[in-house]
Amino acid sequence: MVSRRLPKGVELTIPLTKGSIERLQPGDVVYITGDVWSCRENFFIRTFDENQEPPIDTTRRNVMMVASPYVARRGKTWIAPVSGPIPTTGIRYAKWVPRAIEHMKLRAVVSKDGMGTHKETIATCRRFGCVTLAVFGFPPKVIGRTCNSIREVHWLDLGATEALWVFDVKRQGPFIVNIDTHSNCYFEALSQKIDANLMQVHERMALADFRYTEI
Amino acid sequence: LVKGMIDSDLLYETAVELLGRSMLEIPSDALKAYRRVHRMEKDSAKSVYDFLWMCRDITRKEGRPLCGDSGTLCFFLTIGTRAQIDPELDYYKTLARAVRKATGDGVLQAKIADPITRENLGTNCGINMPSVEFNFVTNGKLLEVTVVPKGGGAEIFGSNFRMMVAADGLKGVKKFVVDSVAKGCKNGKTCPPCIFGIGIGGTSAIAAKHAMAAATLRPIGARHPVRWIAKLERELTDAINALGIGPMGHSGSVTALDVHIEYSWGHPSLLPVAIVTQCFVAHRATAQIASRGQVHFRSYPEFWFAEERRSHLHPSSLSGDQ
Numbered sequence: 010m011v012s013r014r015l016p017k018g019v020e021l022t023i024p025l026t027k028g029s030i031e032r033l034q035p036g037d038v039v040y041i042t043g044d045v046w047s048c049r050e051n052f053f054i055r056t057f058d059e060n061q062e063p064p065i066d067t068t069r070r071n072v073m074m075v076a077s078p079y080v081a082r083r084g085k086t087w088i089a090p091v092s093g094p095i096p097t098t099g100i101r102y103a104k105w106v107p108r109a110i111e112h113m114k115l116r117a118v119v120s121k122d123g124m125g126t127h128k129e130t131i132a133t134c135r136r137f138g139c140v141t142l143a144v145f146g147f148p149p150k151v152i153g154r155t156c157n158s159i160r161e162v163h164w165l166d167l168g169a170t171e172a173l174w175v176f177d178v179k180r181q182g183p184f185i186v187n188i189d190t191h192s193n194c195y196f197e198a199l200s201q202k203i204d205a206n207l208m209q210v211h212e213r214m215a216l217a218d219f220r221y222t223e224i
Numbered sequence: 016l017v018k019g020m021i022d023s024d025l026l027y028e029t030a031v032e033l034l035g036r037s038m039l040e041i042p043s044d045a046l047k048a049y050r051r052v053h054r055m056e057k058d059s060a061k062s063v064y065d066f067l068w069m070c071r072d073i074t075r076k077e078g079r080p081l082c083g084d085s086g087t088l089c090f091f092l093t094i095g096t097r098a099q100i101d102p103e104l105d106y107y108k109t110l111a112r113a114v115r116k117a118t119g120d121g122v123l124q125a126k127i128a129d130p131i132t133r134e135n136l137g138t139n140c141g142i143n144m145p146s147v148e149f150n151f152v153t154n155g156k157l158l159e160v161t162v163v164p165k166g167g168g169a170e171i172f173g174s175n176f177r178m179m180v181a182a183d184g185l186k187g188v189k190k191f192v193v194d195s196v197a198k199g200c201k202n203g204k205t206c207p208p209c210i211f212g213i214g215i216g217g218t219s220a221i222a223a224k225h226a227m228a229a230a231t232l233r234p235i236g237a238r239h240p241v242r243w244i245a246k247l248e249r250e251l252t253d254a255i256n257a258l259g260i261g262p263m264g265h266s267g268s269v270t271a272l273d274v275h276i277e278y279s280w281g282h283p284s285l286l287p288v289a290i291v292t293q294c295f296v297a298h299r300a301t302a303q304i305a306s307r308g309q310v311h312f313r314s315y316p317e318f319w320f321a322e323e324r325r326s327h328l329h330p331s332s333l334s335g336d337q
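The listed protein sequences correspond, in order, to chains E and A. Start counting at 1 in the first sequence, then tack on 9, and there's your number in our numbering. Start counting at 1 in the second sequence, then tack on 15, and there's your number in our numbering.
Think of the hints as simulated: they come from the structure by calculation, not from any bench. Just so you know, even glycine gets a beta-carbon here, dropped at the ideal spot from N, CA and C. Some hints here could point you the wrong way.
Selected chain A positions facing chain E (Cβ under 7 Å, derived; list incomplete) [unchecked claim]:
#1 A125
#2 V193
#3 L258
Straight-line alpha carbon distances no greater than 25 Å define the calculated SDA-like cross-link-like pairs of lysine to any residue that follow [to be verified]:
#4 E:K128 to E:E50
#5 E:K202 to A:K61
#6 A:K76 to E:P16
This is chain E alone, in the form it adopts within the complex (with noise of 0.2 Å):
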């Protein structure tokens, strides 16, 4: 039934070295391997609104998902019974990531959106190299297919789905490179072109001179 197969791409392992994420270009499709680690906004909080360390080395797990991870307690141990981390939105994260690129020594942010076309991230990634990945397409399935085990996990008292949490993933993706070290942005080139289109859609549909009535 799957005869469909996944695109070529570039293979990283973590940790990721500076050079390896310096040759990635807005567009290329990568594929990850290693300790992924997935934090959503509770963790975030507690680092740098409350700011306590992140328990884990992240300059050697250097590769941050902002993720739902489907857990489950079987007995003492923690499975992933249904999937692997998936990527969530990174733009609503836009407060703390470009510090957690910093404090963190990340070299890759994953997220569905890569973050966007957000400057603050784009100017963080090019100053302490980093790149950020989003989702190629709709293959959160294949996404989350690709995690053998759950490592570690910490603070779960910040709550299962909010907790940290370490995977070995082997070959995760595809995600595109959005965000590269050189200030380029995957999604920049396609936001200029929404916005010149919907100038358009205006005029077709006589509104570019409507202006609501200020209330």
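With chain E's structure known, arrange chain A on it following the hints.
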């Protein structure tokens, strides 16, 4: 308890099954829509749909959810007034019990949390959650239950509201819709292609409620019965597709699987417009429970938009042109 009545156990079992189906299966109307739009795309947009079919094959083979987000759990119940229902049935408790079960089984992620304190009980239940809404059909014999696990991305980036005034009129509505969609769907934030539910008229709350139902309960391709509103749905669909955002924001010819408008008359000084966006995977599952205990599963509700409800007080509006 009269034999054959719809009771708590039957509703519970049905709801557990529904939650599983809503996460594992793509509704029939959405599948049909993907096939149509897949043919319209090329290059990377086309390969995005190739992946979708691949994911669906894996989902079916392995019985694991298609999307990573089991979302906010929203139930919509239509009660036929002739359905034989146990008068002691506690809908809220029964549906919460089903949600706890599906969460414990790993079908749903334990997502539901306090928005301010961030407390998460790990059960997907909490204050006013799961959400349960009721609707009635006079003389109906069935209890119809629909569950919509509403994904977070489409909610954060695809929800918009604007209270306009008469002077803004139809142009204001059109501008608000295309501008909101252009901003929210960029970079694939709402997981396009989407179903856009537009609630127009009434009050702020009425418009928002209509927008939610329009986005999540009406099947793709079904038009509003009022002709000029149906025409506006098509016009907005074409306008949104002309933005070129495409599947997951990778550029392409289809961004709107459909635009559904639900409409209400209201106070003459108000023109409220609400937008609710449903992501491409369109999680939704419906069950019709008959009084003798038979349960029929389907992709979308049959009775939520009952004609009597849409046309109440002013049936003549159904055939009227603008």
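Check the hint pairing E:K128 with E:E50 against an upper bound of 25 Å on the C-alpha distance.
21 Å, holds
Is the hint on A:A125 kept, meaning its closest Cβ partner in chain E is under 7 Å away?
A:A125 check passes; min Cβ-Cβ to chain E is 5 Å, inside 7 Å.
Mind checking the alpha carbons of E:K202 and A:K61 for me, to see if they're no more than 25 Å apart?
19 Å, holds
Identify whether the interface hint at A:V193 stands, where standing means a beta carbon of chain E within less than 7 Å of its own.
5 Å, holds
Checking one constraint from the list: CA of A:K76 to CA of E:P16, max 25 Å. Satisfied?
22 Å, holds
Hinted contact A:L258 with chain E - closest CB pair below 7 Å:
5 Å, holds
This entry satisfies every hint, going by the numbered hints stated previously.
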